[in-house]
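Residue numbers (the UniProt record's numbering), protein chains in the order written: chain A, 1 to 136; chain B, 1 to 136; chain C, 1 to 136.
These aren't lab readings, by the way, just hints derived from the structure by calculation. Predicted model, so just to flag it, every value in this text is computed and none were measured. Don't take each hint at face value.
Covered, in the sense of this in silico footprint (three residues per stretch, anywhere, with C-beta under 8 Å from a C-beta of chain A), are these stretches of chain C [stated by the list, open to error]:
| # | stretch |
| --- | --- |
| 1 | 3-15 |
| 2 | 40-52 |
| 3 | 106-115 |
Distance windows between CB atoms, simulated [what the hints assert, rightly or not]:
| # | chain 1 | residue 1 | chain 2 | residue 2 | range |
| --- | --- | --- | --- | --- | --- |
| 4 | A | Pro51 | C | Phe91 | 31 to 37 Å |
| 5 | B | Asp96 | C | Gln105 | 20 to 26 Å |
| 6 | B | Glu93 | A | Thr55 | 21 to 27 Å |
| 7 | A | Glu93 | C | Pro15 | 34 to 40 Å |
| 8 | A | Ala92 | C | Ala10 | 27 to 33 Å |
| 9 | A | Gln69 | B | Pro16 | 25 to 31 Å |
Each residue gets a CB set at the ideal place from its N, CA and C atoms; glycine is no exception.
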Amino acid sequence: MTKKTAFTPATHTTPPAAFSHGVRKGNILQVAGQVGFLPAQEGQPPTPAGPDLRTQTLQTLTNVKAVLQEGGASWDDVVMIRVYLTDTGHFAEMNDLYNGYFAEQGLTEPPAARTTVYVGLPAGLLVEVDALAVLG
Amino acid sequence: MTKKTAFTPATHTTPPAAFSHGVRKGNILQVAGQVGFLPAQEGQPPTPAGPDLRTQTLQTLTNVKAVLQEGGASWDDVVMIRVYLTDTGHFAEMNDLYNGYFAEQGLTEPPAARTTVYVGLPAGLLVEVDALAVLG
Amino acid sequence: MTKKTAFTPATHTTPPAAFSHGVRKGNILQVAGQVGFLPAQEGQPPTPAGPDLRTQTLQTLTNVKAVLQEGGASWDDVVMIRVYLTDTGHFAEMNDLYNGYFAEQGLTEPPAARTTVYVGLPAGLLVEVDALAVLG
């Protein structure tokens, strides 16, 4: 059987349940839903950046990237990004942030596909993002 | 590195942010979340079909198919379809439309898996659909 | 073209529309959104376990596993689990159930990635789960 590998960036808090921040099996790498938690501090509970949408969104994308990198991947490998917002009124601003963020990433491949939907998230969280990558 | 290819059907409006309507990397093809926008008109903003569920759902499926085809794929290649509705009261009608639509597609392979959940969408949109396909 | 195979465990009710409970194409296996329906009874409509979160969650995970097994896969093959809850107040209890369930599964590989979001589901359903696996 193809081995499955999990990875947790040093900046990340331990997942709150029996799941992995990122796994790779075969040529598929999946990043779990990331939120805008600041880098983990020993002995401290996870703390979201923000509370504004800008800070949380950029921290969330940073957290997704950290998992990709820990798994030997980059944004160029990502085929799908799922963005979960809590408020349709945040769409335009999130898009501006998203565009600005990716403009600075120096991608050499076309951008990933994306789906954005509006859901409930735990109190204090405005955005969650996960990503599917294909390696090799 | 495996190259990533993006595709945009001629009927499609430009994505509202730095994402692709469809991408392929290796044998994986991902279609971004599609809504019921009518074929793009030069100089016009995206306009949803409808406003009824029937018209929007069929236009949305047409838009997903256009991305699949632009990427050299068909419904037979799709393994997962995610359907986002805004109202649990739309489930039965959406299923009728979905069944009718696929009955006319002449599939030669079994239908894809599917998850349907109820979320918020931008005003005027009743349905969003994305799809994951495996090629080769 | 790579063939697509669909599978339906004997315990499962017929899907309410033209989709498959599970499909495999190439090395990708996708399990459709499963809810906590009890094993199908001839001539009876689908009936959810429960109504409590504990019973529904465990039945839902059992149903996902049944599809994986019918497709020749196991939890060890799963790279992504998507959990849909209806209430953020259910997160802690779902995590406890999730941890307990997987502790008993005897996984030999690291756990899958996961995203949990809060959506609407049909009346009476508190949880839905789908899963993406990589075989071979």
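Each hint tested on the structure:
Taking a C-beta to C-beta cut-off of 8 Å, the stretch 3-15 of chain C contributes 0 residues in contact with chain A, too few for the three needed, and the coverage statement is violated. Taking a C-beta to C-beta cut-off of 8 Å, the stretch 40-52 of chain C contributes 0 residues in contact with chain A, too few for the three needed, and the coverage statement is violated. Note: the stretch 106-115 of chain C has 7 residues with beta-carbon separation from chain A under 8 Å; the three-residue rule is met and the coverage holds. Hint check: Pro51(A) to Phe91(C), Cβ distance near 19 Å, so the stated range 31 to 37 Å is violated.
At about 38 Å, the CB distance of Asp96(B) to Gln105(C) disagrees with the hint of 20 to 26 Å. For the hinted restraint 21 to 27 Å between Glu93(B) and Thr55(A), the CB-CB distance of approximately 41 Å leaves it violated. For the pair Glu93(A) and Pro15(C), the beta carbons lie near 39 Å from each other, so the given range of 34 to 40 Å is met. Between Ala92(A) and Ala10(C) the beta carbons are some 49 Å apart, a value that contradicts the proposed interval 27 to 33 Å.
Evaluation of the 25 to 31 Å hint for Gln69(A) and Pro16(B) yields a pass: the beta carbon distance comes to about 28 Å.
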